[in-house]
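A.B. asks: Protein chains in written order, with this note's numbering: chain C, 1 to 113; chain P, 1 to 113.
Since the hints were made in silico from the structure, they are not lab data. Hints should not be assumed to be uniformly reliable.
Said to hold, decoys possible - The calculated label-pair distances, taken between Cβ atoms and stated as ranges, are:
id: 1; chain 1: P; residue 1: V12; chain 2: C; residue 2: Q45; range: 20 to 28 Å
id: 2; chain 1: P; residue 1: K17; chain 2: C; residue 2: S14; range: 46 to 54 Å
id: 3; chain 1: P; residue 1: V113; chain 2: C; residue 2: I60; range: 33 to 41 Å
What the hints assert, rightly or not - Stretch-level coverage of chain C by chain P, calculated; a stretch enters the list once three of its residues show a Cβ under 8 Å from a Cβ in chain P:
id: 4; region: 36–49
id: 5; region: 104–111
Beta carbons are placed, not taken as given, at the ideal position from N, Cα and C, and that holds for glycine.
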Amino acid sequence: AQSVTQLGSHVSVSEGALVLLRCNYSSSVPPYLFWYVQYPNQGLQLLLKYTTGATLVKGINGFEAEFKKSETSFHLTKPSAHMSDAAEYFCAVSSPGGFKTIFGAGTRLFVKA
Amino acid sequence: GAGVSQSPSNKVTEKGKDVELRCDPISGHTALYWYRQSLGQGLEFLIYFQGNSAPDKSGLPSDRFSAERTGGSVSTLTIQRTQQEDSAVYLCASSTYSGVEAFFGQGTRLTVV
């Protein structure tokens with residue numbers, strides 16, 4: 001069985017500050033890990049993904065995440081927040097040939113001017 | 001098509017009525033997923049299709065919910081005798097095969113009054 005825990009339902013940062021959104025997963029098989037972003041009244045859009053290979057993955061809009069197997073974590077970071085980053089972010093886990101992608105509860109990011 | 005298409009985008013229905021939600025996945029995608037997103041909640045997995053078969057229906061909340069997929073393409077989620085707690089955004093996603101990146105539609109916002 002797989003599961004995802006996102007720490008913090010809401011995160012608030014100032015414009016220009018570091019963004020850190022936390023995600024821990026549980027999986028009995030090597031996982032595929034994803035971060036999706038959802039802007040208001042829109043569907044989900046893939047930010048980045050880890051499948052195999054390099055554990056530090058870069059995505060769109062300056063975001064990156066690092067897969068740490070020993071910590072079962074896949075935290076999302078961005079060095080400098082922009083107002084346009086305000087959205088809801090979902091961490092997700094699946095596995096090769098797995099039946100479904102499991103999503104975390106989401107973290108809403110607020111960016112203050 | 002170019003992306004996952006869902007219809008209608010909004011649906012208001014009276015309690016007790018049946019509703020059908022439609023999802024048209026990206027052409028060639030064999031895997032199709034339905035999720036439910038309630039206000040302030042994460043994504044709740046409902047059902048997964050591989051081709052026309054549904055290996056995992058574990059997320060359907062009750063026997064009032066059913067889904068089918070025909071021709072390995074379009075899927076319909078049916079909710080019978082709708083209740084107010086069914087109000088949510090219903091998201092459909094598809095992927096080339098199970099476990100990899102899913103592409104989401106814009107969702108159908110269902111309101112039961």
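A.B. asks: Taking the numbered hints from earlier one at a time, note which ones the structure violates and give those numbers from smallest to largest.
C.D. replies: Result: no hint breaks.
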